[in-house]
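2 protein chains.
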Amino acid sequence: MARIVQKFGGTSVADIDRIRNVAKRVKREVDAGNEVAVVVSAMAGVTNQLVDYVNRISPLHDAREYDAVVASGEQVTSGLLALALQELGVNARSWQGWQIPIRTDDVHGKARIVEIPAGELEKRFAQGQVAVVAGFQGLGPDNRVTTLGRGGSDTSAVALAAALKADRCDIFTDVDGVYTTDPRIVAKARKLDRIAYEEMLEMASLGAKVLQTRSVEMAMNHRVPVQVLSSFVDAPGTLVVDEDEIVEKQVVSGIAYSRDEAKITLEKVADRPGVAASIFGPLADAAINVDMIVQNVSEDGRTTDLTFTVGKADLERAVKVLEGKQKELGFARIKPDRNVVKVSVIGVGMRSHAGVAQKMFQTLADKGINIQVISTSEIKVSVLIAEEYTELALRALHTAYGLDAA
Amino acid sequence: MARIVQKFGGTSVADIDRIRNVAKRVKREVDAGNEVAVVVSAMAGVTNQLVDYVNRISPLHDAREYDAVVASGEQVTSGLLALALQELGVNARSWQGWQIPIRTDDVHGKARIVEIPAGELEKRFAQGQVAVVAGFQGLGPDNRVTTLGRGGSDTSAVALAAALKADRCDIFTDVDGVYTTDPRIVAKARKLDRIAYEEMLEMASLGAKVLQTRSVEMAMNHRVPVQVLSSFVDAPGTLVVDEDEIVEKQVVSGIAYSRDEAKITLEKVADRPGVAASIFGPLADAAINVDMIVQNVSEDGRTTDLTFTVGKADLERAVKVLEGKQKELGFARIKPDRNVVKVSVIGVGMRSHAGVAQKMFQTLADKGINIQVISTSEIKVSVLIAEEYTELALRALHTAYGLDAA
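Going down the list, the sequences are from chains A and B. Take 1 as the starting number for the first sequence in the numbering used here and just add one per residue. Take 1 as the starting number for the second sequence in the numbering used here and just add one per residue.
Note that these hints are calculated values from the structure, not bench results. Remember, it's a predicted structure, so these values are computed and weren't measured experimentally. Some hints here could point you the wrong way.
Reference excerpt, derived from the structure (chain B facing chain A, CB under 7 Å, subset only) [unchecked claim]:
hint	residue
1	Ser72
2	Val76
3	Ala277
All residues carry an ideal CB built from backbone N, CA and C; glycine is no exception.
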């Protein structure tokens, strides 16, 4: 007997027939003698509809009311799935965030889970009952409904698995696992059997949209074994596990890319101590995250060019903030650029292998692709290049690191 | 300064523009210096959609899950209206049933309100905040969401008005008040300025669909002054008040009709003590409500014909139950009839005026309409007639009792 958390995303519960199919999947685990908790998203399209209502009524809305409205989608699916399970003879009931309760902090619209008391669900497991939990939502300290941000149901599932000390957390989605890179771009992309938490975390935060970043963080912190698999195909997916459980480590496991960043270059910034703080301070105050940063070597010894990236959605605001400080900062010109892509190679094997970055630079150079910004960490190398080279770069790197399917 | 509860039905909040209009209505009361709580239904069509989902998945569904799913519609509207009010600069927040909490009994799908603690809302009133409350829903003793039955938001509003000791409960709907009879049938029907609780209760339970019966009961028991008015027209509606507050009492205030009943006749039932109990006992056990009953005079002194009405939706089931007991009950034949209508004349003035029933019988006889069953109470006379005479009977009675508009 194992204890399992299963999470089904919006496309997996998009209509009544699919909800019935999900019920069959759940029943299979129950029939195998397992204790099962299920986490569900809203039916595909419902959350977008609700967000649209909110934005039409109030563009700068009270996040507490946004949460009350938007959380209703998961409430509906959890009730419907509990009914579908009952129809199959499975003892099941739905749980809303406030009923368990899934306690969160008070950051409405983007809350973090603080605590999930497992007592009541454990008692129901002992009675053979399946818990169907509304994902994405929780209960804030103000006794109001909170939501966890888009994709938050992944985090609900992993947090629940951690609280229940589950043996596995299965994330059912519309792809059948985690790939070496985006198979829509690279035909030779391979599905990975296993991937390390750290790698998955980099993949998620560097653009692969298969899991919400925060859910991977939480899985890593609590050592929850996560499986990503398809709700439409009956086949094993990708296991996200501890590095030690991966026997044959690849130097590079995957290649991610993100079109969500934009580049800003400040020309002829005074080259003196404290200048970086005086630039990035105002951006931080405006809640604008800065990602990659590079400072060119000063030619004249007195000024330098500073380049960095921000989220595309924040670009205009960032430019406005900096223009407002031009006198104070003393730069000559500000150059925004939306036509960039960040490409990253990721692998825990880098820790013990040299030359990974060098191979990346060489491969891109051989294709005539200019690198604009570089940033590295222990297990990844990211470069910013012109967006038009995205597909070319991905295919070349996929081959260069020996990731192509046979 | 007054304390007012306003309730807006599904057509009044059917889309974003209408929700904005509702917000303006609410703001007007706030600007007039009043303390306001608003109760909202789901956007028109939403509840039907959710009920349809539930029935498709599970025709004989667990009422607790039905409630969890179906209550979500009001949750959405309450959040959206709170946002619309905030956009107009009105301090407002939404409340779900479990947050106040609106405590109900455990009869899921048709719960009754037990208690509404008013403390928190009173405190917010003192701070100038408008409460936007999700109608139709409450919290059961099992800590799960309950719903109050179709039309239950009327009851939510009246119960809230009672708990808050409100000066008035305004029920906004798609008609502009309570009429002497259905204006779609009788062109000369008049809108009533005032109607007594008892009359409204009979009107509602005898077929007029303007208010949920239970909400009128509750208003009467707690002496909550209710006003029924249109959310689309800016005019006073009908006040539902204590009989004493109506100066010029009409003998008959209104004429209601219901096509929801069907007739069953049992021919040649043994005419002996206890036979009624042996017939209506099994029906009660099957949760079938019997309304009008008439027992014909026995011709041969040993058998009699028994006629009664049940809800049309229960007719087939009732016939099946009785057929199963034919031997035991010893009747010769069972004759169901769907083509009947119940027409009722209602008025508190009947208490002090004789001849009301006689006028009804004479008026119908003059038009050649045969009366099949009669039932009376202190303030109403109901007759069952063939359905094809509905319009003819309503118009004739409306004229006979002097209700026609000038």
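Tested hints:
1. Ser72: holds, 4 Å
2. Val76: Holds, about 5 Å.
3. Ala277: violated, 37 Å
The structure is inconsistent with hint 3 alone, although it conforms to all the rest.
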